[in-house]
Amino acid sequence: MAEFLIRRVAISVVTLFVISLIVFTGVRMIPGDPARVMGGTDADAAGLAEIRQKYGLDDPVPLQYLRWIGLALRGDLGESIRTRESVVWTVARKLPITIELAALSLLIALAIAIPAGVFSAARRNTVWDLLANAVSLCGLSVPSFWLGIMLILFLSVRLQWLPASGFVPLWESPLANLQRMIMPAFVLGAGLAAVLMRQTRNSMIEILSADYIRTAWSKGLAGRAVIFRHAFRNGLIPVVTILGLQTGALMGGAVVTEQIFVVPGFGRLIVEAVFTRDYPLVQGVVLITASAYVFINLLVDLSYSLLNPRIRIGGAAGGG
Amino acid sequence: MAASSRGRLWRRLWRRPPAVVGAGVVLFFVVLAVGAPWIATADPQRSDYGKIRKAPTAANPFGTDDLGRDTFSRVVWGTRVSMQAGVFSILLAIAIGVPAGLVAGSQRGAIDQLIMRLTDAWLAFPFLILAIGLVTIMGASLTNATVAIGLAATPTYIRLTRGLVLSTQEEDYVQAARALGAGGLRTILRHVLPNIASALLVQATVSIPAAIIAEAILSFLGLGVQPPTPSWGTMLATAQQFLETAPWMSWWPGLAIFSLTLSFNLAGDGLRDLLDPKDY
Numbered sequence: 300m301a302e303f304l305i306r307r308v309a310i311s312v313v314t315l316f317v318i319s320l321i322v323f324t325g326v327r328m329i330p331g332d333p334a335r336v337m338g339g340t341d342a343d344a345a346g347l348a349e350i351r352q353k354y355g356l357d358d359p360v361p362l363q364y365l366r367w368i369g370l371a372l373r374g375d376l377g378e379s380i381r382t383r384e385s386v387v388w389t390v391a392r393k394l395p396i397t398i399e400l401a402a403l404s405l406l407i408a409l410a411i412a413i414p415a416g417v418f419s420a421a422r423r424n425t426v427w428d429l430l431a432n433a434v435s436l437c438g439l440s441v442p443s444f445w446l447g448i449m450l451i452l453f454l455s456v457r458l459q460w461l462p463a464s465g466f467v468p469l470w471e472s473p474l475a476n477l478q479r480m481i482m483p484a485f486v487l488g489a490g491l492a493a494v495l496m497r498q499t500r501n502s503m504i505e506i507l508s509a510d511y512i513r514t515a516w517s518k519g520l521a522g523r524a525v526i527f528r529h530a531f532r533n534g535l536i537p538v539v540t541i542l543g544l545q546t547g548a549l550m551g552g553a554v555v556t557e558q559i560f561v562v563p564g565f566g567r568l569i570v571e572a573v574f575t576r577d578y579p580l581v582q583g584v585v586l587i588t589a590s591a592y593v594f595i596n597l598l599v600d601l602s603y604s605l606l607n608p609r610i611r612i613g614g615a616a617g618g619g
Numbered sequence: 229m230a231a232s233s234r235g236r237l238w239r240r241l242w243r244r245p246p247a248v249v250g251a252g253v254v255l256f257f258v259v260l261a262v263g264a265p266w267i268a269t270a271d272p273q274r275s276d277y278g279k280i281r282k283a284p285t286a287a288n289p290f291g292t293d294d295l296g297r298d299t300f301s302r303v304v305w306g307t308r309v310s311m312q313a314g315v316f317s318i319l320l321a322i323a324i325g326v327p328a329g330l331v332a333g334s335q336r337g338a339i340d341q342l343i344m345r346l347t348d349a350w351l352a353f354p355f356l357i358l359a360i361g362l363v364t365i366m367g368a369s370l371t372n373a374t375v376a377i378g379l380a381a382t383p384t385y386i387r388l389t390r391g392l393v394l395s396t397q398e399e400d401y402v403q404a405a406r407a408l409g410a411g412g413l414r415t416i417l418r419h420v421l422p423n424i425a426s427a428l429l430v431q432a433t434v435s436i437p438a439a440i441i442a443e444a445i446l447s448f449l450g451l452g453v454q455p456p457t458p459s460w461g462t463m464l465a466t467a468q469q470f471l472e473t474a475p476w477m478s479w480w481p482g483l484a485i486f487s488l489t490l491s492f493n494l495a496g497d498g499l500r501d502l503l504d505p506k507d508y
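Protein sequences appear in the order of chains S and L.
Convert by adding 299 to the 1-based position in the first sequence; the result is the number in this note's numbering.
Convert by adding 228 to the 1-based position in the second sequence; the result is the number in this note's numbering.
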């Protein structure tokens, strides 16, 4: 167990190191004077000199990297060109909104996918199974931003049930917040629900044909008891892994969803940063997102190994 | 012999009508993309200020947009952009990913470690965030969006190819080729590659629709195709501003993306069943 833990953490550290190298190199590839890139077009000579001094831009490149990563590890990712606020602070302020959106969409996805997946596995090859599969295939194929636009068209423009866009902080009015978050959360959760439903169905089918389940049936246990007490818990293990891998898609999806519904979160921040050529902000957001993804998947892998002792012994070998 | 096995393949294919329909619709879109100049004769970029945001009529079956351009023409021409971005980006991912995966899987050791750690790090960037980051560096255009999507999709192919090489190398026929004195490169090209090609093809049917959606998203955000070139993503971005007065502007481009990606997925599912007998 300890060996697996150390090995898994070591791989994550190496991955984070390579990520930082990629991000560092990426910003250096933007044409022009790096000090100008970090300081923006309206930075004056003194401002540029300060940036040059802070990041040691006259030093050899490896030294520049060490200086930059040292600052980053202490939580200094530079400041936004547009607002002159620290990048970490800017991100920290936007993050709760996106986390709320992601949490809501995760709830919606799980609430749809798990029951639908278990049900269609239990009623395999019936009309219901076919229907659930068709719906999940549509969920996989529908572009999220079009789904969002169609929801606005029908629920906001036509029926006027929900506001089309905007944001009200949760602490100001939970109801108004939910009214504005429910559509984006559904749009963000729909694709995830489709992936999770397929995974739940597949792993339930595999488990339901296992010997110990057949034993449970033959002992005369009722159908529901077999499905829930015996199959469900084991069937969920692969679903947890997929969930970890899907957090990346969730972060990417938040960019589009927040753009459509004008939710002022992390995703909208990155699009604005790209358009205003706010490179320090783009760099910070990309670095934070990738690191978060590595951490989440490390946690998922560790929890997975707790759920399934077999993985600790041989399954995780190979690393690739 | 060959004819009868082909007959069997056809029979198995016909038992999966959704896959056949999916492949048919994909083919239909290919025809649209290639035949755009003959199918959509109205100039997709010509504005007509007398016909701004008109509902569908016989002359403009999908209506007109905010500049009086024919939406039908723009949807048909947009097929070209989407197909181009989807296919070329995945070809790029295959061109980089498959050789890298072959090297990692067959060489092992330090090269394998180097390639795989780089792949892990690359995979840690969410697909869309990575594509956005790359477009920021390279600038917004269809070509750059295609390259960015291709680079973002590359690690999947490295991992897949490496995994396939590792499992294929244990097979008897590869061992036999080795024992007969075939060299490393020859074994890989003559024996391993042909046997993993089908799995790569199945992966491509999954990646191409994902790439098509990614291009539409980048263009929707203003980071891909630039106006006035018609693309489904930019059309939807404009359409969102006119949902109350011209809802038809948002129906057709979205419906086009949806039906194309759905068909790719249906065809891909069918192909997977055909090539992999494991039944779910």
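These are computed hints drawn from the structure, not numbers from a lab.
Incorrect hints may have been included.
[What the hints assert, rightly or not] So the derived list for chain L, only partly shown, Cβ under 8 Å to chain S, looks like this:
#1 I280
#2 P437
#3 I441
#4 G482
#5 T489
Even glycine gets a Cβ: it sits at the ideal position worked out from N, Cα and C.
Here's how the hints hold up against the structure:
1. I280: For I280 of chain L, the interface hint is violated, since the closest Cβ of chain S sits about 19 Å away, which is over 8 Å.
2. P437: Hint on P437 of chain L: holds, closest Cβ of chain S at ~7 Å, below 8 Å.
3. I441: Constraint on I441 of chain L satisfied, holds at 5 Å.
4. G482: Given a least distance of 3 Å, the restraint on G482 of chain L holds.
5. T489: Since chain S brings a Cβ to about 4 Å from T489 of chain L, closer than 8 Å, the hint holds.
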